[in-house]
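**Student:** Below, each chain spelled out in residue letters.
There are 2 protein chains.
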Amino acid sequence: MIALEVGLGDRSYPIYIGTGLLAETTLITKHLAQPRVAIVTNETIAPLYLDGLTKTLEAAGVRVLPIVLPDGESHKVWDTLNIVFDRMLTARCERKTTVVALGGGVVGDLAGFAAATYQRGVPFIQIPTTLLAQVDSSVGGKTAINHPLGKNMIGAFHQPVAVIADTDTLRTLPDRELSAGLAEVIKYGIIGDAPFFDWLEANLDRLLARDPEALAYAVRRSCENKAHVVAIDERETGPRALLNLGHTFGHAIEAGLGFGQWLHGEAVAAGMVLAARTSRALGHIGDAEVQRIERILARARLPVSAPDLGFERWLELMGHDKKVEAGTTRFILVRRIGEAYIDASVPRAVLERVLAPDAVHA
Amino acid sequence: MIALEVGLGDRSYPIYIGTGLLAETTLITKHLAQPRVAIVTNETIAPLYLDGLTKTLEAAGVRVLPIVLPDGESHKVWDTLNIVFDRMLTARCERKTTVVALGGGVVGDLAGFAAATYQRGVPFIQIPTTLLAQVDSSVGGKTAINHPLGKNMIGAFHQPVAVIADTDTLRTLPDRELSAGLAEVIKYGIIGDAPFFDWLEANLDRLLARDPEALAYAVRRSCENKAHVVAIDERETGPRALLNLGHTFGHAIEAGLGFGQWLHGEAVAAGMVLAARTSRALGHIGDAEVQRIERILARARLPVSAPDLGFERWLELMGHDKKVEAGTTRFILVRRIGEAYIDASVPRAVLERVLAPDAVHA
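Top to bottom, those sequences are chains A and B.
So the first sequence is numbered by our numbering: it starts at 2 and just counts up by one.
So the second sequence is numbered by our numbering: it starts at 2 and just counts up by one.
Hints listed in this document are in silico derivations from the structure and should not be mistaken for laboratory results.
Note that this is a predicted model, so its numbers are computed, not measured.
A couple of the hints might just be wrong.
Note: identical chains are not told apart, hence a pair may lie in one copy or across any two.
What the hints assert, rightly or not - Below 25 angstroms or equal to it, Euclidean Cα-Cα: the simulated DSS-like pairs (lysine-lysine) are: (1) K324 x K97; (2) K324 x K56; (3) K31 x K324; (4) K97 x K56.
Work out the full structure: start from the sequences and follow the hints.
**Tutor:** Structure, rendered in C-alpha cells:
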C-alpha cells in the first residue's frame, strides 16, 4: 500500500492505494469522528462489496447504515439525493456521522454532495471502485448532481477525510468502464506529464490486460498529478481548470445525447480528440501529435469520433459549461503533449470547422 | 452608516448598517466579481424594493436577473430552490455572477444555499429587509432549505461577500415580524451580553415604536455579538452553538405545528422561555430571572407559552436537532442572564416537567 497526501492545510487527507484495502478496517475507523457511518452505494456494487465492508466495520464496533441507490448517471439527480437525506434523517444520522461513498463516480459525486449538505456538512470517505473514480472523481472534493440544463451544475467543494483506492476492485470492472477510466489516465499525460504519456503508450496493453502492477502505477501517477493540481488550486480559479481537458466538448456530448448514453470517460475521450483538433486548427500542434492522441485513445477502446449534435446545439450545450466567463466558453487546449492551457478566444469559424459533421466523424 | 467586519481571514466581509443604503449602489458594485447579479426576492418584498434596486444597479452598468419567489417559510424547500437554479441556468449565470438575497430570513437562507451550490458556489450578497434577518440570519454564512423531517436540515456554510442592512426597510415591516426579530435581539442579551439586556429592558418601547436610532443601535449591537461568535467558531464546533438558545425547543414547535404557522422568532421566544425554565429546574437560575426573560418577551409581543405537542412528540422532534451528538440532544441553557452554556445531560424527568401541558401553558 502507498499513501499519498493531498496537501490542503487543515483539510489535507490521504489517498491510500493498494490491494486488499477493503479488508483493512483501520483505514476507515481511524478517520471516523464517531463510530457510525452511512455507506452510500448502488445496486451493482452492493452485491460485490457491501456485505463484507459492513461486517468488518460492525466487527470493529461501527454502526452502519447502508443506502443502496439505483445505478447510473441518470440517477445523479435531486430525487436520488433525497433518498439519502430521507434515510439519514430517519436513522437520525448526526453531524459527526461519516458518509462513505462505495462505488464509482456517480456514487462518489452524489454521496459527496449529500455529505456536503446534510446538516450543512458531515465528514466523508471515498472508496472508489472504478478506475475513473480512483484516478479522478474521488480526489479533489468536487461533488455534484446533474440538472436537466447541465451536468454537475448543482454541487459543492467538499473534501473527503480519506480516499481508499483498492485496486482489487478493478478486477470486476466491465471492460467498457476500464476503458472509460483510461481516458482520464491518458488525460494526465496530455495536460502535464509527457513522460507518463510515453509510459502509457508503452504499457497500454498491460493496463487493458489488468496487470495489477501496471494498474497500481497508473492510479498512483494519476493521483499524484491530480493531488498536485488540487493542492495549488482547490477551487478551480486557475490551473485546476486544465484537468477539464476534453470536458467542455465531452459534457456537451453527454448532455446532448442524454446523460447515461455515453460513459463520462468515453465522452471525455472524444472531447480530447476535438480539443486536439482545435489546437491543431490554431497551429499549436501538428498532425503527428493529434494522431498520437487519437491512437492511444483508440487502443484503449475509446471513441475518437464525436456524435453529430449540430453546430448550434454544440454551442448551446457548451455555453452551459461552468468555465464560461463573461459569456465566453473557455476551452482547455494543447500546446504540446504534456502542456495544456486555457484559451478563451477560440474563433467561431474554428469551432465550426472542428465540429462539422464530416470532421467529427473523420 | 457604520461598517462592522466579520473576521474570517480571506473570507472576511463587511456588514453595513444605516439608513438609505439601498440607494448607495457602490456598496454592492464594489463587491461584484463581474457586472452581473441575480436578485432573489419574494412576492412581498419585490413591489417594495426590487424595481428601485434594479434601476440603480442597471444605471451602474450591472446586468440584473430578477427572481421573484413565493413568500413564506413553507416555500423554503427544494422545489423553490430549483426555480432559482432553472432561472440562473436558463439565463446562463456564471461562476462570477453574484447572487443577491433581497428579503428576510427565508429568502436569505434559500438564496444563500443556491449561491453555495450553483456551479459549486458563486459569490453572494445579503440585503436583509427584516429585523430578524438583519440581526441574525444574514450574518454568519448559514444557508439551508427545510426537509419534511426537519428545519434547515439541508444546507451549507457559505459566507456572503457583504451584508447591507438598510434600517429604512424596517419601517414597512409588519408588527408581527418586528416582534419576531426582537426575539433574536433579546437572545443576544441573554446568552452573552447582560448590559445589552439591561438596555433592551430600558428601550423596548422605543424599539416597538420603531425609533430609528434605537433600531440602528439594536441591529449594530446584535451584529457585533454575532460577528464575534462567528469569527471564533465559523462552523459551529463550539461556542457558536450558544446562538441556538431557544432554537431546539423552537424548531420542534415550528416542525410540530407545520412550518409557517409560527414565525421563527415567535417559536424561538417560546423556546427561550422553555430553556429558561429548564435552567431553573436544574437550579441554575431563579424565578426572578425567568420572570425577567418572560416579561421582556411578552412586552415585545412574543409568545411565552409553547403549544402542547405531547411529550413523546417533543422528544422526537428535538431528536432531529443538528446539535444532537451520540444520540443526546444538547440544550443551550442559561447560567445567568448574560451567560449561556451547552448541556448534554438534561434528565428526561426535567424535560417531562418543563414540557407538561399545564407547564407549557403556565
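**Student:** Hint by hint, where does the structure go against what was stated? Just the numbers, ascending.
**Tutor:** Failing hint: just 2.
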